[in-house]
Every structure is written in structure tokens, then in C-alpha cells.
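Just so you know, the protein sequences line up as chains A and B, in that order. Residue numbering for the first sequence follows the working numbering, starting at 1 and increasing by one per position. Residue numbering for the second sequence follows the working numbering, starting at 1 and increasing by one per position.
Simulated from the structure, these hints should not be mistaken for laboratory data. There's no promise every hint is true.
Identical copies look the same in the list; a pair holds intra-copy or inter-copy alike.
[What the hints assert, rightly or not] Derived DSS-like pairs: lysine-lysine, alpha-carbon spacing no greater than 25 Å straight-line:
1. 193 - 49
2. 196 - 49
3. 71 - 3
4. 218 - 10
5. 2 - 175
6. 218 - 2
7. 193 - 218
8. 3 - 218
9. 298 - 68
10. 3 - 175
11. 196 - 145
12. 71 - 298
13. 145 - 27
14. 10 - 175
15. 3 - 301
16. 296 - 10
The model shown is predicted, which means the values in this text are computed figures rather than measured ones.
Number of protein chains: 2
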Amino acid sequence: MKKIGNQTFKLDNPVTILETASIVGKKEADGPLAKYFDVCLEDEFFGEKTWEKAESKMIKTSIETVLKKSKVPVSSIDFLFAGDLLNQCISSSFGIRDFEIPFLGIFGACSTFVEGLLLGSLLLDGGAGNYGIAATSSHFCSAEKQFRFPLELGNQRPPTSQWTVTGSAAAVLAKDGLGPYITHLTPGKIVDKGIKDANNMGSAMAPAAISTIITHLKDTGRSPTYYDAIITGDLGHIGKGIVLELSKAEGYQLNSVYNDCGVLMFDKDKQDTHSGGSGCACCGTVFSGYFYNQLKQKKIKRMLLVATGALMNSTSSQQGESIPGIAHAVSIEL
Amino acid sequence: MKKIGNQTFKLDNPVTILETASIVGKKEADGPLAKYFDVCLEDEFFGEKTWEKAESKMIKTSIETVLKKSKVPVSSIDFLFAGDLLNQCISSSFGIRDFEIPFLGIFGACSTFVEGLLLGSLLLDGGAGNYGIAATSSHFCSAEKQFRFPLELGNQRPPTSQWTVTGSAAAVLAKDGLGPYITHLTPGKIVDKGIKDANNMGSAMAPAAISTIITHLKDTGRSPTYYDAIITGDLGHIGKGIVLELSKAEGYQLNSVYNDCGVLMFDKDKQDTHSGGSGCACCGTVFSGYFYNQLKQKKIKRMLLVATGALMNSTSSQQGESIPGIAHAVSIEL
Numbered sequence: 001m002k003k004i005g006n007q008t009f010k011l012d013n014p015v016t017i018l019e020t021a022s023i024v025g026k027k028e029a030d031g032p033l034a035k036y037f038d039v040c041l042e043d044e045f046f047g048e049k050t051w052e053k054a055e056s057k058m059i060k061t062s063i064e065t066v067l068k069k070s071k072v073p074v075s076s077i078d079f080l081f082a083g084d085l086l087n088q089c090i091s092s093s094f095g096i097r098d099f100e101i102p103f104l105g106i107f108g109a110c111s112t113f114v115e116g117l118l119l120g121s122l123l124l125d126g127g128a129g130n131y132g133i134a135a136t137s138s139h140f141c142s143a144e145k146q147f148r149f150p151l152e153l154g155n156q157r158p159p160t161s162q163w164t165v166t167g168s169a170a171a172v173l174a175k176d177g178l179g180p181y182i183t184h185l186t187p188g189k190i191v192d193k194g195i196k197d198a199n200n201m202g203s204a205m206a207p208a209a210i211s212t213i214i215t216h217l218k219d220t221g222r223s224p225t226y227y228d229a230i231i232t233g234d235l236g237h238i239g240k241g242i243v244l245e246l247s248k249a250e251g252y253q254l255n256s257v258y259n260d261c262g263v264l265m266f267d268k269d270k271q272d273t274h275s276g277g278s279g280c281a282c283c284g285t286v287f288s289g290y291f292y293n294q295l296k297q298k299k300i301k302r303m304l305l306v307a308t309g310a311l312m313n314s315t316s317s318q319q320g321e322s323i324p325g326i327a328h329a330v331s332i333e334l
Numbered sequence: 001m002k003k004i005g006n007q008t009f010k011l012d013n014p015v016t017i018l019e020t021a022s023i024v025g026k027k028e029a030d031g032p033l034a035k036y037f038d039v040c041l042e043d044e045f046f047g048e049k050t051w052e053k054a055e056s057k058m059i060k061t062s063i064e065t066v067l068k069k070s071k072v073p074v075s076s077i078d079f080l081f082a083g084d085l086l087n088q089c090i091s092s093s094f095g096i097r098d099f100e101i102p103f104l105g106i107f108g109a110c111s112t113f114v115e116g117l118l119l120g121s122l123l124l125d126g127g128a129g130n131y132g133i134a135a136t137s138s139h140f141c142s143a144e145k146q147f148r149f150p151l152e153l154g155n156q157r158p159p160t161s162q163w164t165v166t167g168s169a170a171a172v173l174a175k176d177g178l179g180p181y182i183t184h185l186t187p188g189k190i191v192d193k194g195i196k197d198a199n200n201m202g203s204a205m206a207p208a209a210i211s212t213i214i215t216h217l218k219d220t221g222r223s224p225t226y227y228d229a230i231i232t233g234d235l236g237h238i239g240k241g242i243v244l245e246l247s248k249a250e251g252y253q254l255n256s257v258y259n260d261c262g263v264l265m266f267d268k269d270k271q272d273t274h275s276g277g278s279g280c281a282c283c284g285t286v287f288s289g290y291f292y293n294q295l296k297q298k299k300i301k302r303m304l305l306v307a308t309g310a311l312m313n314s315t316s317s318q319q320g321e322s323i324p325g326i327a328h329a330v331s332i333e334l
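If we strip away everything but chain A, and leave its shape as in the complex, we get:
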């Protein structure tokens, strides 16, 4: 690989996204993208006694599914990157413990899936084996319970709030293959513009997305329309508006190619999800379901996938801290 510009890496041997898998909850299965997901659950428990165990079972299922679809034996997987929103990423560790795969835990909040694609690509291009997996999960109930209020309270949600996607996604990366290829990677820097409202994550994370997108375009010398699609992970309707407005102010017209997985996941009018979807699984499942399908069908030939994360917890908010954001980007081309 070669570093180009300030913080972008160009791979010598583009890595193939060999296969993806996605599993979602009932609300996501009622949304406009339902037909693209591999597994749609009927309830939030997935046969388990707790939401945390259900989330672990989802990530286990998405990895089993992607292994089956890719036909790569588990013994041929050289490493697995995964992380999630639960404290100490327990969805990943409990979901993954039965696989005999070297495991590297990552935490990028909702940017985790793309962080996994990015690190997996760097490792494979560098020679660390033939196959890697990137996986993540999130669960509306376990996330609300942990970050906000007990669901049983029935608290009202402000219009700026987003709906954590219940689901899991996994992708098998291959050193050799026929694409879609990960060609360029831009890891992000932390951006914190002082937003403190934990019910307005889109606003907190949008500046990091803008920073990474513009850095990527500058580093590669590409214009926004080089891409058929520039897609952020879970900024939702409010964050999407901020990205369009602030990138325009910096001289970048993204309108024609830009959208957000959190906007695409739910029907804003019918599903009462306010500013849209969020969570690690938002970007993960919308990419692994919808966008991977579009790439395979050649309806999209070049996309920049930019996942954002809010690097806070409930204690930091209680202690008056603002919300540091981050965004990692991978360029995916046929």
C-alpha cells in the first residue's frame, strides 16, 4: 500500500469484499429495505432471555451466514475484527467465542463496521493471510437501556433522536477475488465541535464525516461525482442536512451523490423513527444488504462508505462532556 495525501492509503492489491450477510429486527424488516436482508427476526429476543444475549446471537448468526454464503471454511479465516455498542463490546465477544478465529476487538462506536473493513483491508494488502471478517451489531433495546432510559419508562423521544438499528452485519474480505474491491482507505481523526445533546447524535457526528470526506477527496484528487454514491453510516435526517450544508460551504457539492444509511433504513413518515436509524448495525446492514447488492448488480460502480461514531458514554454526558465524533471511510469500486 501507499500513503497518499494526508491520511489516505491506496492499496497495491485491492481487497475483495467476497460476501456479506445481514440480519435485522422486526422494525427494520418493516422498512423499505427489508428484501435486501438475509434474516429478518420476528421479535427483539431471538429466542433468548435477554436483549444482550439476543444481540450476541445476531452477530453469531451473521458470521455463520456470511461463512456459508462465501463458502470459505472457518479454518481459512485469518482474523476477525468486531465490536459493538455494549459496554466492553460483549455482544461481539460472546457471539464470537465459539468460532476458532483469531479475534481483534475494535471500538469505533457506530463507525465500527467500516473500521473493520479498513483494518482488514490493510492487513490483507500487507500480507496477513488470505481471508478476514469484519462484523458488528447493535440492538435498539440493549442500547436504549444502556445509554438512555429503561424502555419500561416509556420516555418520549425528542425529534432529533434516532432509532438504534437492531441487527448485525458481517463481511468476508479476500486477498484475491473479483471485487467489489476496497481500493482506498481514509481513517478519521476525532472531531469534537462541542455538541452535548446525547439525543442529537447526527449533529455531533456530522463534522467528523465532513472532515473525513473532504480529506479523502483532497488526498485522492477526486471530485464528489467520481463516486456514484457517497454514503454515511448513521447521521440520520438532521446529520445529513448538516453534511450537505457545511460541505457546500467548503466548496463541495455532494447533493447528487450523497445519502445516509440512517435515512434509508426507515420510512420517516410511517415508522416514527424521528431523525432516522443509528447504531453499528445501521451502516453495517444497509451496506451488507442494500449497497452490496447494488454493487454486485453493477447499479453502483464506485462508492465511498463513511461510517461515523460518537465516542461517548452515559457517564461522560453526566459529567458535562461534549461528544467526540469520528468517521472512517473506504472506497469501494468494481
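Add chain B to chain A, keeping to what the hints say.
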């Protein structure tokens, strides 16, 4: 790099650990290794209002210190790996947000420091720039509060319990340099033998350490005495005993070269830390302080550093789950 055996990578261009920095709390500064640490704090607050903010300030300070010691300008650092024990790794994100460095969050519980060394080495050997940083932190007070009981309760601690090290460590990795070199890496698989006692982490993590050590020795064809030191991260006295006993049962005599950072950090008789030190900073500071000094002075010429992590949280324990362990190893040679 080249994959050798089942799960070990041999670097083509061994990566230099250019410099390390360590900062510790008062109790650690009263222990036998005090003179090896760069900064010793006088209290647990470090001038901040909360333990979490103090921990963030420690990781910020250790990175500032290692940058200063290494004389590498911050703008030359290509990436930074960091993570910690706080929910959603907020010590790292808040401590790092002021640095303008591409940030990749990792979570390996107490294995985080070695996971950072391992990933940083893979990236640099693969061509992803010239310099990287691996950093971590932990804090006795923030960890007890989060994982066990409020400190104000004054709960008794069982003899199997360990004392979370208050501190932070950071290392600058360089593509080119004069060593000490990271030459081989063995990322670990999750091992869960069913231990459920959150006050007996050494027992929960020891099987993962044994698995990674023996895999590394088999993959490289080395005997234990190839190394001057095989050092685990924070198994403590009980975990150390288990490693010696179970590895012997599998035909590996580690006695003459094996020790544990959690055993070395505190004086068992005088400091009332029961089974020894633990936490991300245990392996981080003992390596960055004591062992890096020994390597630079050529008193140790070959060491295998094996950090272990317990991938659980308080919710998983409350829900009756056992404790999945993991261990990552890096081979460091002159």
C-alpha cells in the same frame, strides 16, 4: 509479512519500538518498579474532578510524553491505536481528541496494549506509513466503580481479586529504526473455560494465555528458553500459577523464563493487593517502564509479551455468563 504455522505472522521488516512512556498512580509508585516510570502521580485525581477525567488526562499525558521522548512530531504519526476499560473506551477518546492523529479504537480489555502493538506492527510492515502509536490506560477507582462496587462502600476484596493498575502507557512504533524490534505476532482466539467469578480474573484468563503461548511456540518452532523472558500481562499470582501448571501438563516448562506484570507491579507482602495487579495499564506500564529499559540495556535480548483480556462486563456476569478470555502475543528482539 508471512503467516507461519496456524496463527503467527513473521514481519519482513521488523518494526522498532522507538520509545515508550509510562505514568502511574500513587500505589504503583510505592511498588518495586517505581523508578522505571516516567511520571508518578500523588493522588488518584490528577487535578481533575472525576476519576474518568483523571484517566483521560493520564493517557493524554503518556502520549505527550512518548512524543517528546521520541522526538517524532505529532504530524508524522500515521495512526494511533488505543482503548481502555471504561465503557465505550472514553478514557481514550477524550484523552486523544486534541491530537490530530488518525485514530483507530480497539478493545481487548487488558490485552489492549499488546493488541495495539500487534496491529501497529502489521500496518507498518505492510506499508501504512512510518510511525504509529499504541496507547492504553486503566484506573483503579473508575474500574472498581464500573465493574464491581462503589468504593465508598468499602467492600472486602477476596484473596483471588486483583488490583487494577492506575496508569497509562504509550509506545511509538517506527518502520525504520535500530530496535528493539517486534519480529513475530500471534493474535489470540477467544478461550472460555467456564469461569464465572469476576473476582478471579487470573483463572479466567490463564487458559487464553496458555493457548497463545503454546501456539506461538509451535508456529515459530521455538522452545520457551529461546526467550529470556515470557511475560503475561495481568494474570497475577493465581493466574501465573495456573499457567506454569497447565503448560507443564502440555509439555512446556516455562518456569525459568516466565513471569507476569501483575506479579511484578506490587509488593505482595506489603501492598495488600492480593493476587497482584491487573488492568490495561498493568502490562502497558510494566512493559513501557521496566521491560523496555531492560531491552535497551540489553539485559533482556528476546522477550515474548503476552497480554490477556477478560471480555466481559457487569451485565454479562449478572446474566450468569462465564468470562471469555483472550491473549495476544508479540515477540520483541534486539
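Quick rundown of the hints versus the structure:
Taking the shortest alpha-carbon separations for residue 193 and residue 49, only the inter-copy value of 22 Å comes in at or below 25 Å, while the best intra-copy value is 40 Å. In this homomeric assembly, residue 196 and residue 49 come within 25 Å of each other (Cα to Cα) only across copies, at 18 Å, whereas the closest approach inside a single copy is 34 Å. For the homomeric pair residue 71 and residue 3, the shortest alpha-carbon distance between copies (22 Å) is at most 25 Å, but the shortest distance inside one copy (33 Å) is not. In this assembly of identical chains, residue 218 and residue 10 lie within 25 Å of each other by CA distance solely inside one copy; the values are 13 Å within and 35 Å between copies.
Within a single copy, residue 2 and residue 175 get their C-alpha atoms as close as 17 Å, and across copies as close as 14 Å, so both meet the 25 Å cut-off. Taking the closest pair of Cα atoms, residue 218 and residue 2 come within 25 Å of each other only inside a single copy of the chain (16 Å); across copies the shortest separation is 34 Å, beyond that limit. For the homomeric pair residue 193 and residue 218, the shortest alpha-carbon distance inside one copy (22 Å) is at most 25 Å, but the shortest distance between copies (50 Å) is not. Within a single copy, residue 3 and residue 218 get their C-alpha atoms as close as 13 Å, which meets the 25 Å cut-off; across copies the closest is 35 Å, which misses it.
In this homomeric assembly, residue 298 and residue 68 come within 25 Å of each other (Cα to Cα) only inside a single copy, at 23 Å, whereas the closest approach across copies is 50 Å. Taking the shortest Cα distances, residue 3 and residue 175 sit within 25 Å of each other both inside one copy (19 Å) and across copies (13 Å). Taking the closest pair of Cα atoms, residue 196 and residue 145 come within 25 Å of each other both inside a single copy (19 Å) and across two copies (24 Å). Taking the shortest Cα distances, residue 71 and residue 298 sit within 25 Å of each other inside one copy (22 Å), while across copies they are farther apart (49 Å).
Within a single copy, residue 145 and residue 27 get their C-alpha atoms as close as 18 Å, which meets the 25 Å cut-off; across copies the closest is 36 Å, which misses it. For the identical chains of this complex, residue 10 and residue 175 are neighbours both inside a copy (15 Å) and across copies (18 Å), given an alpha-carbon limit of 25 Å. For a Cα distance limit of 25 Å, the shortest separation of residue 3 from residue 301 inside one copy, 23 Å, qualifies, whereas the shortest one across copies, 33 Å, does not. Taking CA atoms no more than 25 Å apart as the test, residue 296 paired with residue 10 passes inside one copy only; the shortest distance there is 22 Å, against 35 Å between copies.
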